[in-house]
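Student: Sequence:
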Amino acid sequence: MSNVSSEFSLKLGVIGCGSLGTAILRGLLTANNANLTPAEVRASVVSKASAVALRETLRSISEKVAVNVYQGQNVTVAQESNIIILACPPQFMTTTLGEGGMQDALRGKLLISVLAGVTTQSIHEAISRGRSSSAMEYYVARALPNLAVAQHASATAIEIVDPELPADKGDMVSAVFLQLGRIMYLPASLMDAATVMCGSTPAFIAIFLDGIIDGAVAAGVPRNKADVMVSQVLASTAALMQNGQRASSLRESVCAMPGCTIQASIVLEQGGVRGTAATAMKAAITAAGKLG
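Using numbering that gives the first Met the number 0, the first residue of the sequence shown is number 0, and each one after it goes up by one.
To be clear, the hints were calculated from the coordinates, so they are not data collected in a lab.
All figures in this text were calculated on a predicted structure; none of them were measured in a lab.
Note that beta-carbon positions come from the ideal geometry of N, C-alpha and C, so glycine has one too.
A few of these clues could be false.
Below, simulated SDA-like cross-link-like pairs (lysine to any residue); rule was C-alpha separation at most 25 Å, straight line [as the list claims (entries may be wrong)]:
no., residue 1, residue 2
1, K108, P89
2, K108, A48
3, K108, A205
4, K224, D213
5, K281, A147
6, K47, R106
7, K168, R128
8, K168, Q70
Derived DEER-like restraints, expressed as beta-carbon distance ranges [as the list claims (entries may be wrong)]:
no., residue 1, residue 2, range
9, S188, M240, 22 to 30 Å
10, I204, R54, 28 to 36 Å
11, R58, M240, 31 to 39 Å
12, A205, T75, 31 to 39 Å
13, S247, A33, 39 to 47 Å
14, G99, A237, 44 to 52 Å
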């Protein structure tokens, strides 16, 4: 991937700046790459209360960046930005991109969708509103991160689009999300699965961890101590897997000798934990495909 030019001035817009949009901005505003720290930030929200809260949040992160938060002025955000992140609820995508003036505001610019269940084809169709137009009038990318973008620790899936984006646009998408964690490239057919793997799995893991913490508390461990231990063990497990160890071999190595781990594993297997997890993933992937 080529480097982003040091002469590039990032004027970033976020349309529909809720929890994920705010997390993305927090991550970019605190990243170490000066070339990709936004020079200006524009964001749109629905309510006045959300606008006030978002202004305070962004200014507390960085007082050096010009921040403009608009209530409902999605077209203005697109007009005044050179890269736009679409982060509104998926069900509002068509009406948001179909607003008067949006087509001209986006022409020739890079629009990065982080919407679950919404294909790039659907986005092109919403922008063009059914009129024939070249796909390259609008540079649309699709990325699926999670809330850990705020800590530069996201797992982000980036769609391999067809036709390909121009090199500078594709490089920009990669560069933005590399600041926010690890990235991987997947075909469009796997993006619903990636929605769940990257975006939903933290919630699934949190449910399991909550049970572990409750069990520790029942055994007398202070909850705050249990929180720290479990979060560090999760980081330890991730480090082992990122070093090449598969989940199945990790489980087998820890359960190698008779003792507490294998006894607990038997209880988990009796409870159908693995089958339940797989079934939950399948249900979530099916649901993701219906969001758009």
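Student: Given the hinted pair K108 and A205, is their Cα-Cα distance within 25 Å?
Tutor: violated (38 Å)
Student: Check the following: the C-beta atoms of S247 and A33 are separated by a distance inside 39 to 47 Å.
Tutor: holds (42 Å)
Student: Hint check: K108 vs A48, CA-CA at most 25 Å. Holds or violated?
Tutor: violated (30 Å)
Student: Taking 44 to 52 Å as the hint, is the beta-carbon distance of G99 and A237 inside that range?
Tutor: Distance hint for G99, A237 holds at roughly 46 Å.
Student: Okay, A205 versus T75 on CB: inside 31 to 39 Å?
Tutor: holds (37 Å)
Student: Would you check the hint for K108 and P89, treating anything up to 25 Å between C-alpha atoms as holding?
Tutor: holds (21 Å)
Student: Between K47 and R106, does the CA-CA distance stay at or below 25 Å?
Tutor: Violated. K47 to R106 sits at ~29 Å, over the 25 Å cutoff.
Student: Next pair to validate is K168 with R128; report whether the Cα-Cα distance is within 25 Å.
Tutor: holds (23 Å)
Student: Within 22 to 30 Å or not, the Cβ separation of S188 and M240?
Tutor: holds (25 Å)
Student: Is it true that R58 and M240 lie within 31 to 39 Å of each other by Cβ?
Tutor: 38 Å Cβ-Cβ, so the 31 to 39 Å window holds.
Student: K281 and A147: Cα distance at most 25 Å?
Tutor: Judged against 25 Å, a Cα distance of about 23 Å means the pair holds.
Student: Holds or violated: are the alpha carbons of K224 and D213 at most 25 Å from each other?
Tutor: Cα-Cα ~12 Å, so holds.
Against the hints set out earlier in the document, violations occur for numbers 2, 3, 6 and 8.
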